[in-house]
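Undergrad: When you line the sequence shown up against UniProt numbering, it's residues 1 to 98, in that order.
Honestly, the hints are just simulated from the structure, not real lab data.
Hints may be right or wrong, so weigh each one.
Claimed, not checked - With a straight-line cut-off of 25 Å between C-alpha atoms, the simulated DSS-like cross-links for lysine-lysine are: (1) Lys31 - Lys77; (2) Lys20 - Lys75; (3) Lys90 - Lys77; (4) Lys45 - Lys31; (5) Lys90 - Lys31; (6) Lys45 - Lys20; (7) Lys85 - Lys31; (8) Lys30 - Lys85.
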Amino acid sequence: MFYAADRINRIPNMSVISPKGTFYLFVNIKKTGLSSIEASDAILKEAHVLTIPGIAFGDCGEGYLRLACTVGVEKLKEAFDRIEKMDIFKIKGEHHEQ
């Protein structure tokens, strides 16, 4: 779980507070400019990673995604490698090659 928090905080337009004993992370995605539903849908379609839109937890959850870290580090690494390649998590002007 600490691995996941560290990876999230190294991806542009994502951030999270260090976990305090649960396997859920509430990830701030406000810098993407997308709603939590739009970001969650994009991550599922492009990176094949399931997240829960923060708005599902009430209005104060907008701009966040809930991520459950219930798999091992190797699977988390694969998931974050795919997320990191998404355009919404790139610094403006930075392009990735396919």
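Undergrad: Each hint should be assessed against the structure and marked as holding or not.
TA: So, going through the hints one by one against the coordinates:
At most 25 Å may separate the alpha-carbon atoms for a hinted pair to count; Lys31 and Lys77 meet this at roughly 22 Å. The straight-line distance between the Cα atoms of Lys20 and Lys75 is roughly 21 Å, inside the 25 Å bound, and the hint therefore holds. For the hint linking Lys90 to Lys77, the alpha-carbon distance of about 18 Å falls within 25 Å, and the restraint holds. Note on Lys45 and Lys31: the hinted pairing holds, with a Cα-Cα distance of about 20 Å set against a maximum of 25 Å.
This hinted pair checks out: Lys90 and Lys31 have alpha carbons roughly 11 Å apart, not beyond 25 Å. Under the criterion of a C-alpha separation no larger than 25 Å, the hint pairing Lys45 with Lys20 is inconsistent with the structure, at around 30 Å. For the hint linking Lys85 to Lys31, the alpha-carbon distance of about 16 Å falls within 25 Å, and the restraint holds. Under the criterion of a C-alpha separation no larger than 25 Å, the hint pairing Lys30 with Lys85 is consistent with the structure, at around 18 Å.
When each numbered hint is compared with the structure, a violation occurs for hint 6 only.
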